[in-house]
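So the sequences go chain by chain: A, B and C.
To get my numbering, take the position in the first sequence, counting from 1, and add 6.
Position 251 (the second sequence) corresponds to 244 in my numbering; numbering is contiguous.
To get my numbering, take the position in the third sequence, counting from 1, and add 158.
If you're looking for bench data, these hints aren't it; they were derived computationally from the structure.
Quick reminder that beta carbons are idealized off the backbone N, C-alpha and C, glycines included.
Be careful, since some hints might not be right.
Stated by the list, open to error - Looking from chain B toward chain C, a few residues come up when the C-beta cut is under 10 Å (computed):
{"id": "1", "residue": "Tyr277"}
{"id": "2", "residue": "Thr289"}
{"id": "3", "residue": "Pro297"}
What the hints assert, rightly or not - When the alpha-carbon atoms are kept at most 25 Å apart in a straight line, the in silico BS3-like pairs for lysine-lysine are as follows:
{"id": "4", "chain 1": "B", "residue 1": "Lys222", "chain 2": "B", "residue 2": "Lys192"}
{"id": "5", "chain 1": "C", "residue 1": "Lys173", "chain 2": "B", "residue 2": "Lys222"}
{"id": "6", "chain 1": "A", "residue 1": "Lys152", "chain 2": "B", "residue 2": "Lys192"}
{"id": "7", "chain 1": "C", "residue 1": "Lys460", "chain 2": "B", "residue 2": "Lys192"}
{"id": "8", "chain 1": "B", "residue 1": "Lys192", "chain 2": "C", "residue 2": "Lys263"}
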Amino acid sequence: MNENELTIRNLNAYYGGFQAISNVNMNIPAKEVTAFIGPSGCGKSTFLRTLNRMHEEIEGARVEGSIELEGQDLYAHALNPAAVRRHIGMVFQHPNPFPSMSIRDNVLSGLRFNSISCKGEAGDDIVEWALRSANLWDEVKDRLNKPGVGLSGGQQQRLCIARAIALKPEVLLMDEPCSALDPISTRAIEDLILELKQSYTIVIVTHNMQQAARISQKTAFFNLTAVGEPGHLVEMGDTEAMFSHPNMPQTKSYISGQFG
Amino acid sequence: MSLLTLNSSATKAREGKHWFARTPHEMPETEETGKTVATIESLSRRRKLRSLLMNCVVVVSACVVVIPVISIFWTALTRGIAQLSPYFLTHNMRGIVGGTYPYGGIFHAISGTVEITGVTMLICAPLGIFAAIYINEYARRSRLSRLVVSAVNIMSGIPSILAGLFAYALFSLLSGVGTINGFVGVVALAVLALPTVIKTSLEAVSRVPDTLRESALALGASRSVMIRKVVLRTALPGLVSAVILAIARIIGETAPLMIAAGIVDNTNFNLFSGRMMTLPAYIYNEYSQGLATCPTAHVASLMPCDPQIRIERAWAAALVLILLVAVFNAVGHWVARRSMAGSRHS
Amino acid sequence: MNPMFQASPASPRFKRVVEGACIAVLAFFAAVVVFLVLRAAPVLSSGKATEKELSTLTSGSVTSLAEYLGPLVFGTLLASFVALVIAIPFAVGTALVISQFAHGKVRTALSAVIDLLAAIPSVIYGLWGVLVLVPASGGFWSFLNRYFGWIPLFSGTVAVPARTMASAGVVLAIMIIPIIATISRDAFLQVPSQDKEAALALGATRWEMILAVVMPAGRSAVMASILLGLGRALGETMAVLMILSPASGYSVHLLEATQNQTIAANIAAQFPEADENGVGLLIATGVVLFIISFVVNAIAQKVVARGEKSEKHEAAQRHATAESGEGNPA
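Let's have the full structure, built from the sequences with the hints guiding it.
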């Protein structure tokens, strides 16, 4: 339960000449929810993207330092970023099912991208399992061949989660997954996250303090000293402790400011 | 927010010479602000008249634009319908002399147009779409991409007749002076179609939202898999409409084909040998020959003869060409609208 | 090390294919330009070499390139100018009606009419022009000549049939109206409705609102569309070839026949009689036309780029002021 899934050492991230985050050291525990909080521009989303090398898709982005998944270096020279992302899935802020695909094809898309056979019954089983895991099965089981974009926003986001876990990743990264959703859909996603943590390591970026308090076991607070300066990790700890008596004054003022 | 927009349009108004651009101290001189009683006055007659007049001018100008469309369609229909028959569509002009019956048809022109246009698109569609993918997905700012984009911008301004001259002169050099055949026409049309295809495909591919690319990559797709299974699938309707609209554009090209593919009476399916007739060239050729000769009255009583037959054939062929172009345009726009609706949905 | 990360099936082959397509396209375009320039350069650069070429096409009546090319360039510019002058008010008016006045079915129908105009092949415009417009417009040209004959453009003897620059200009105008109208319409449609409402709320009539808000916002797009229309008019062959009765000269009498000729129509008209030398000369005139339309297109793109830049700038400014206006949430 307490083994570390992801180990980050001395991580610096840059966009061209601009340093986005400086010298982050962090251990992310397995099978728990870790929340990243902090003001806009503090680099928490960038940091999240370095965890599955998605930041490489932005031109001029590069990283120094090391990230290990169960002891294996994600930035090893021979490693293809696509292979990393198969094991560390990601859910984005805006629900974005593939518009050209049905609900079923959306769930299976990751397997198809990786040339994993999912024809016939095997595929059906995966679809049902992934949609059940995402608490979406009952709502869509009668229209699996309808386009995924026909669903409501909250359903679309759960479809994106189902799509991500169909690949059976070790880690699930979520970049403000509820910020584009209404309160009821948000609640559904939060319940789902609490269920998913039984099987997956979850890292979530959120602007919503209450959400971090509700769903996470660990919280990391990022901040930046001034605009144009790189963001850094202020502190990380058990969520309960962070919210009741944070060690650092910055954390305290950020959390209380948000609540007040 | 509303205050801001008020400000910005007020700034715009101050820059121009519009009615509310007057400085405040001039305001009392105008009729409507000169009155102090707080009643809602109607606008000054001058303002009302001017607005009414300009509204009328604008509406009338739009109505006038409709006239040529109606006139062209009406003329093509009324003058072309007489000759338009299964016979007309299935026969060529071989052995048709003067204005005497039989009157001949446009089968050779239709087959030539279909063949030349089809082969042109078979070459240009994949080439153009692939180039657009490379530019948009692999190297947005590379030197090669920038070069291709500026080459496309330059080539989209080439006069169509010069494209025909280019193809003609090129093949004169390659395979003997005066080489005129269907494939020379294909090369001429390719010069005209490629820029269009690349431009419109680039638009279609760049309309695919980046979030879809990101989620494909986050699911472990390699770049090429992401492009083939997500970008191309999502952009497919846009790409189809790009190709169809390009067909609609080149199917009516006349001048380059007259030079490169030539004018001929018989049906020729061989792209690489001999002249090949096309519909637009047929229309021009029939028109340019003017009135047909008819034998003396004595013989004419035995055999029907129509001195106007060439003009009638030209209109009938024009009707077929208009219908072809209209169908391609309608389908292209329909697919484009559907693809827009689809992307808005997501 | 656990075998968690297997190499994913990466395929650089696909990248090589699309890159190859890109290079092929570039090579093709480069070949076109290089070939045309190589064929045109000897004719354009040395006056002497052209005598041979000129003699085949003009049967010796013209002795220098300038004498041959000058009237053609003049005729091309004149035809395009006439077309633009006629097209601009109708096109912009139509764009305004579609974007600001019409709703529902009328708007769809007008847009469809514009699409149809754009779709009709030029040879059909030529056929219609010479067989319908030319006979039908004779009375109007006589009227222009009788009452406005004091303007040099409309002076002289009215040609019957009217296979004149005026008729060709009208047909060219009809052909470029859709280009100007669609681009202007799209620009007018993008004017934010809050800007328009702001003007209306200040008491402007609809026309005053259009002058104050819509036209300034669409200005650069309208300019660019006019230049693109000009580009199309410059290169148009068939309509001019079929309507205009050609001659080599510098006349501005639009209502007289056999006064001018355009470069594109001249190529089509003279190509059948041209031998190898003649083709070289025609290519040279075509390259001159290409350069003219290239310059026009380049200016159009500059105008578009500048318009977009200033719009973005304005939007960014507006956004910035809006954000700071909301106050700090800290």
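Here is what the structure says about each hint:
no.: 1; hint: Tyr277; in the structure: 5 Å, holds
no.: 2; hint: Thr289; in the structure: 28 Å, violated
no.: 3; hint: Pro297; in the structure: 23 Å, violated
no.: 4; hint: B:Lys222 with B:Lys192; in the structure: 22 Å, holds
no.: 5; hint: C:Lys173 with B:Lys222; in the structure: 14 Å, holds
no.: 6; hint: A:Lys152 with B:Lys192; in the structure: 32 Å, violated
no.: 7; hint: C:Lys460 with B:Lys192; in the structure: 17 Å, holds
no.: 8; hint: B:Lys192 with C:Lys263; in the structure: 30 Å, violated
When each numbered hint is compared with the structure, violations occur for hints 2, 3, 6 and 8.
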